[in-house]
Amino acid sequence: MIPEFGHFLLILALGVALTQGGLCLLGAHRRRGEWMALARPMTVLRFVLTATAFGCLVASFVRHDFSVLYVASNSNSALPLHYRIAGTWGGHEGSLLLWVLMLDIWSLAVARFSRTPPPDFIARVLAVMALVGAGFLLFMLLTSNPFERLLPAAPDGRDLNPLLQDPGMVTHPPMLYMGYVGFSVAYAFAVAALLGGNLDATWARWVRPWTTAAWVFLTFGIGLGSWWAYNELGWGGWWFWDPVENASFMPWLVGTALIHSLAVTEKRGAFKGWTVLLAIVAFSLSLLGTFLVRSGVLSSVHAFATDPRRGLFILGFLALVIGASLMLYAVRAARVGLGQRFALFSRESLLLVNNMLLAAACGAVLLGTLYPLFLDALGLGKISVGPPYFDNVFAPLMAPLLLLIGVGTLTKWKGDQLGTVIARLRWAAPAAIAAAVATGLAAGRLGMATTGGLALAYWILITAGMDLAGQLRARGRASWSERLSRVSRAWAGMALAHLGVAAFAFGVAMVKTYETERDVKMGPNDTTEIAGYEFRMLKLAPVSGPNYQAMQAEIEVSRAGRVLATLRPEKRVYRVQTNPMTEAAVDSNPLRDLYVSMGEQLDDGAWVVRVQYKPFIVWIWGGCLLMMAGGALAASDRRYRSRATREAVVPADGVPA
Amino acid sequence: MRPRNRRALIGLALVGIVSLATALVLNAFNSNLVFFYTPTQIAAHEAPLERTFRIGGMVRQGSVTRDGVRVRFVVTDTAKDVPVQYDGVLPDLFKEGKGVVAQGRLGADGVFTAKEVLAKHDENYMPPEAAEAVKRADEVKARMAKSLQSGGAR
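These protein sequences, in sequence, are chains A and B. Quick note, the first sequence lines up with residues 1 to 657 if you use this note's numbering. Quick note, the second sequence lines up with residues 1 to 154 if you use this note's numbering.
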């Protein structure tokens with residue numbers, strides 16, 4: 001009964017979403033207060049329906065209901081409980097349901113916390129989100145119903161893909177989806193502004209915290225995915241420029257541009273039309289990402305069994321959403337206006353360059369990702385675009401961007417003198433280069449690209465310090481801690497996120513230059529040496545897990561005779577799908593990672609083992625964490641909250657909004 | 001500076017940045033495209049000798065031999081074979097009789113030295129390149145069979 005109930009709830013949710021979309025848009029258009037007033041309660045209703053349906057699917061997984069096709073294909077009676085719950089989003093159907101659930105969570109949050117905008121505006125925002133949700137519900141019900149029955153029931157399930165049986169699976173997809181779907185809020189605000197025809201600095205203040213929050217989740221999701229791939233896939237890479245990674249990276253690039261252009265719109269009332277366009281593009285790219293990943297046009301671990309109807313539906317939906325919003329933009333953008341003027345050299349113009357660079361980077365990724373698909377679809381042959389293309393394009397586009405972080409944060413809004421800024425920065429540049437050269441010499445080897453990357457990282461660090469000093473000086477004569485506490489969260493968040501970029505650049509430069517790897521044949525008591533570390537295989541022994549058998553090696557790592565760690569990499573074979581899986585072992589600290597993974601067994605019983613030395617690789621994810629913390633700090637700035645609380649109607653249960 | 005001039009300058013600067021970025025992107029794009037060839041095309045000497053490209057097909061049954069870290073195997077599209085050598089760890093789902101895609105260079109001796117080997121991600125999935133190679137070989141065989149027949153009838 002549970003699956004039928006869930007299915008029924010999804011149909012109800014579709015009905016509610018369509019009604020809400022129609023009624024609220026019409027109500028806002030005709031100024032019918034009682035129609036618009038439905039926006040909030042209907043959003044709550046949608047959330048309750050979808051969340052219960054999601055609960056039904058989780059229950060079917062937990063109860064081992066193999067009469068549900070989706071459960072039978074993605075679970076097994078030996079699968080541990082936490083992976084059964086995570087298995088809910090382990091396949092196509094369930095991940096769509098998760099998508100809709102996330103959308104409803106964001107809608108609920110907007111309904112709850114966005115109390116300042118006028119009712120017609122909120123009604124439009126929630127209506128647009130409801131319609132997007134309706135599209136996805138329709139997609140699910142027509143082509144990929146997660147509650148479809150399998151009669152007669154399967155005696156046991158086909159098990160969750162072994163690659164997905166990892167703690168990363170529990171968090172990576174929900175976080176990534178929170179980010180993807182979060183851009184629907186900025187999109188809905190942009191569409192509502194175009195429909196209503198009012199777009200000013202207040203609008204930017206409403207939408208900024210939402211956009212930043214979505215960006216934080218997306219950063220987390222991507223970072224987590226990268227860390228997971230590094231630990232789980234057994235190759236030791238952290239980014240492969242795989243089309244699926246690109247699909248999540250493109251909205252991130254445009255989202256980053258959007259955050260910066262929103263800052264200009266809020267502070268100076270400029271870039272209005274451009275900001276709206278970016279909001280539309282960011283969400284469109286999220287949808288495109290969903291299409292690329294879910295339609296099966298890509299060959300990747302994320303691509304599930306293909307059904308052409310699905311691809312066609314998403315493509316149609318994509319065309320409808322993008323086409324309709326661009327049409328609306330073309331008709332209404334002129335009414336929104338361009339906004340305030342600014343000088344040739346000002347923070348605005350530098351942020352404009354930032355936006356151009358990010359947009360160009362996104363365009364480059366889009367070209368590299370879609371061009372092979374186009375050629376293939378047109379029957380012009382198969383080609384692939386590999387990492388060298390992306391590396392070659394990205395470095396020259398990102399270098400000026402990082403350089404501008406330092407210049408932009410120290411340049412005044414509205415207009416500044418190029419000479420004064422250069423004078424202010426005259427010591428920063430040589431200091432950054434000197435620090436980079438010193439680091440390179442300490443690490444043992446000096447190269448152009450490395451020194452450039454390191455210099456940019458130090459440059460951001462130094463200019464952030466100068467900016468902080470300026471902020472403190474501007475806050476008068478109070479004690480240092482007093483002055484520090486008066487620095488706004490928005491500024492601190494920005495500085496922290498930029499430091500995250502510096503940490504990221506530092507990690508990338510170090511790993512790319514100094515990493516080493518070696519594939520060796522190893523049996524018990526064999527040793528190999530890499531970057532001054534000695535690896536000795538102590539023994540090989542079979543071990544068994546709940547739903548797999550494995551061969552485990554014990555490898556002792558020592559340096560100059562001192563034992564540092566014992567690593568236990570495994571080669572697992574999962575019982576149901578009988579596919580081998582590499583389980584790498586990593587010894588990690590902030591200075592370096594030692595990474596060991598097992599290849600295949602040779603005829604004489606020895607194994608091919610890959611050992612890798614990855615200096616400072618943790619800094620890459622540390623940088624992502626810093627960026628996220630910065631985003632969270634900035635989104636919690638007082639000016640968004642105080643406005644909200646002052647004008648909020650206190651909710652019934654007394655929790656301040 | 002008059003506002004109109006200023007706006008023109010900003011516009012010019014933007015056009016400059018965008019065209020620079022485009023030039024950069026297209027240049028990198030051109031030199032980093034990796035083309036795909038089937039074993040039949042390689043046998044017909046259509047593949048370049050100096051450039052990295054991809055081959056796809058099935059791993060021939062019984063063709064995998066190991067010598068320490070070095071692996072040798074044969075990729076076939078059922079019509080023609082290409083010997084491949086590779087140093088290092090193969091992907092988990094590399095199996096004889098299953099689809100495979102390899103990226104690398106073709107030596108003058110006709111042996112393909114792979115830098116990267118990709119295999120399928122789950123058991124129902126066949127890399128598109130591998131499927132394409134087998135499909136094309138089947139078409140060629142069918143055409144040859146037909147022309148032989150019609151030749152015989154005349």
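Hints in this document: simulated from the structure, not taken from any laboratory. Each hint should be verified, as a subset may be incorrect.
[Claimed, not checked] Lysine-lysine pairs mimicking DSSO-like chemistry, simulated, CA-CA at most 30 Å apart:
id, chain 1, residue 1, chain 2, residue 2
1, A, Lys521, B, Lys135
2, B, Lys146, A, Lys382
3, A, Lys412, A, Lys267
4, A, Lys539, B, Lys146
5, B, Lys98, A, Lys521
6, B, Lys95, B, Lys146
Hint by hint, here is what the structure shows:
no., hint, verdict
1, A:Lys521 with B:Lys135, "37 Å, violated"
2, B:Lys146 with A:Lys382, "27 Å, holds"
3, A:Lys412 with A:Lys267, "12 Å, holds"
4, A:Lys539 with B:Lys146, "60 Å, violated"
5, B:Lys98 with A:Lys521, "25 Å, holds"
6, B:Lys95 with B:Lys146, "34 Å, violated"
Taken one by one, the earlier hints fail for this structure at numbers 1, 4, 6, listed in ascending order.
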